[in-house]
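Protein chains in written order, with the working numbering: chain U, 18 to 388; chain X, 18 to 388.
In case anyone wonders, no lab produced these hints; they're calculated from the structure. These numbers come from a predicted model, not from an experiment. Mixed in with the good hints, there may be bad ones.
Because identical chains cannot be distinguished in the list, a pair is counted as satisfied if it fits within a single copy or across any two copies.
[Stated by the list, open to error] Below, computed lysine to aspartate or glutamate pairings styled on EDC-like, alpha-carbon distance capped at 20 Å: (1) Lys180 <-> Asp54; (2) Lys265 <-> Asp179; (3) Lys53 <-> Asp100; (4) Lys264 <-> Asp340; (5) Lys251 <-> Asp100.
This is what each chain is made of:
There are 2 protein chains.
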Amino acid sequence: MKTKKLLLFALLFGVCQMLFAQPQRGPVFDSPVVNKDNTITFNFLAPKANEVILSGQFLKSPMPMTKNAEGLWTVTTPAVKPDMYPYAFQVDGIQVADPKNANMFPNEGFQNSIVEITGSAPLVHTIQNVPHGTVSYESYYSAELGTRPLLVYTPPGYNAKDKTTYPVLYLFHGTTDTEETWTKVGRANVILDNLIAQGKAKPMIIVMPYGRAYPTISKSSGSLRNWDNLQEFKKDFFGNIMPFVEKKYKVKNDKDSRAVAGFSGGGGTTLFLGLNNLDKFSYVCGFAAGMLENEFDRNNADFFATPDVNKKLKLLWLGVGKDDGLYNVNMKFMDVLKGKNIKYESFISDGGHTWMNCKLYLSTIAQKLFK
Amino acid sequence: MKTKKLLLFALLFGVCQMLFAQPQRGPVFDSPVVNKDNTITFNFLAPKANEVILSGQFLKSPMPMTKNAEGLWTVTTPAVKPDMYPYAFQVDGIQVADPKNANMFPNEGFQNSIVEITGSAPLVHTIQNVPHGTVSYESYYSAELGTRPLLVYTPPGYNAKDKTTYPVLYLFHGTTDTEETWTKVGRANVILDNLIAQGKAKPMIIVMPYGRAYPTISKSSGSLRNWDNLQEFKKDFFGNIMPFVEKKYKVKNDKDSRAVAGFSGGGGTTLFLGLNNLDKFSYVCGFAAGMLENEFDRNNADFFATPDVNKKLKLLWLGVGKDDGLYNVNMKFMDVLKGKNIKYESFISDGGHTWMNCKLYLSTIAQKLFK
């Protein structure tokens, strides 16, 4: 009888183990494993695959992985410069995120995982034991577009009960990114927590909307750069997003307390919404801003027609990487600004069209805003 | 000259298109596409794959997909019962989430995408144009575990400025899930928004922590059900999470204004933390709670030793699906409760160990709490 009971327990235990954990046959392993020497070991279980390759923005070129007898593919990278990077596995030509890693890159067009290498000292985006702000997931309503998501960072100490009001940065993601990319890949909230703790940035509110009217991927809706999509988003931004924020959050609502910044396609949106509305914004920052030379005049019609823009802009900031495909068009835009005697700050970084650069650009401009 | 300029524009346009959008060669397509007749079309681009199979919790068995000349794999399902379901593609034996779908299932052990079929009338978890609450991503500090994430739902109209206080539901996810699974897969916030708008649930705060001390997957840290992990989490919960919430949020702090609920492994955590602490909680709800019969006595030692538990519990609720692997152990636990004359409510649903059932269970208990 006792043996029978024990057997039953053992059986139940086994069944429940299977149920509680998702099916996990074969070897037990973690991935990624960041080693003490800043090398990273990646593991991916695929007994039937013929070829698994690691691709990551910390690599000069993809690294083939090797399979052991259990079907576990492994590779250890050379030492990596501390930062936070997107990566994926190419499994017989199919891009796969790392199933062992819950840190995903929010995007509508591809799936990447995120690996963080902290190194020996905390970086500007490293989560530290400092006072933390809050990221609130809000919903607002657009008569044309329906219920829409919006993320709002409030700084440490933000308290609806007191009378303090804050300046506000509107921050746009890139094409195919989502409203979550600036926090989950760009660590905007953590960067501000750290800079505020160090006294390097003013406490501010950051508003991160879904930065287009319609998804970019869909055949039916066209790309973010589609003019109609941008016009629809403009309507949503001024008609719904800004009023929602100014009603619900304790923001200052003068132009010198408002900034707009964005990456890639969202950098294009930033310049379009910011520069053509200098009655509303005094700070406009493009991060590898997406632009086309043949659209400069159309996209900046009001801006170029505005007198005394240098008095109306406290900061026009343009950052881009030397290896970024948008480097040339950003240089051309700076030439146009020079030709019109419009003041701007430029920041030419190493590297390309990456979120590592986004974090660098945000941490740079955050120290310049509202001062 | 004009031709040259046009060519340059065309070239720049092409380069930028490539840069703004992630590489998207070949056919343009969406996935998933929910059709008007509640069938769903899935598309996945994999020219080199030999076999692609759709697996989804809306299917009785996985469906093979077929490849066209461009390498696009497609399948259209039969009509699906309106709900929100996890799914993935099995590509030559490797599970892959849908790269065209940004709605991911937050999990540490696998990657699934989420598809929503609304049908002809809104469901309890359908996002509607009703007043919306806010989901705040908070960070708190544990001396033992470091900086930890915590999600807090505040109901529509929550206003730190007025004196209203709210009852609070602590809600735990399942094994390998994360602090985001209850909102992103369980739609806890949307369910409450809708039930509050309909007058069916009391406005309440919902606290969704990362429900274990250490990740479940890691070899070094053991599973959620690991007794040591549970003891560490208990310390974190009472020592850090509850104090953080009661300091920052306007919660009522009597036991009749506190509930705890959770799914699967988190259901086990719920029963352990709730039933053994009836001075703190009057409502305890297990959703397909993870338990082992041979641990009943150990895990409920204080509970079973407490006199007059029926006076101390306003609701002990146990829900489980007929096809759930944990059905039997939940039934056995109910037998033990009966044997001890402990009152409980049971809810036996159709279906198995799924988040479709989680949504059903939450929407059921939310109407019973704090009344």
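Query raised in the report: Which of the listed hints are not met by the structure?
Result: Of the numbered hints, 1, 4 and 5 do not hold.
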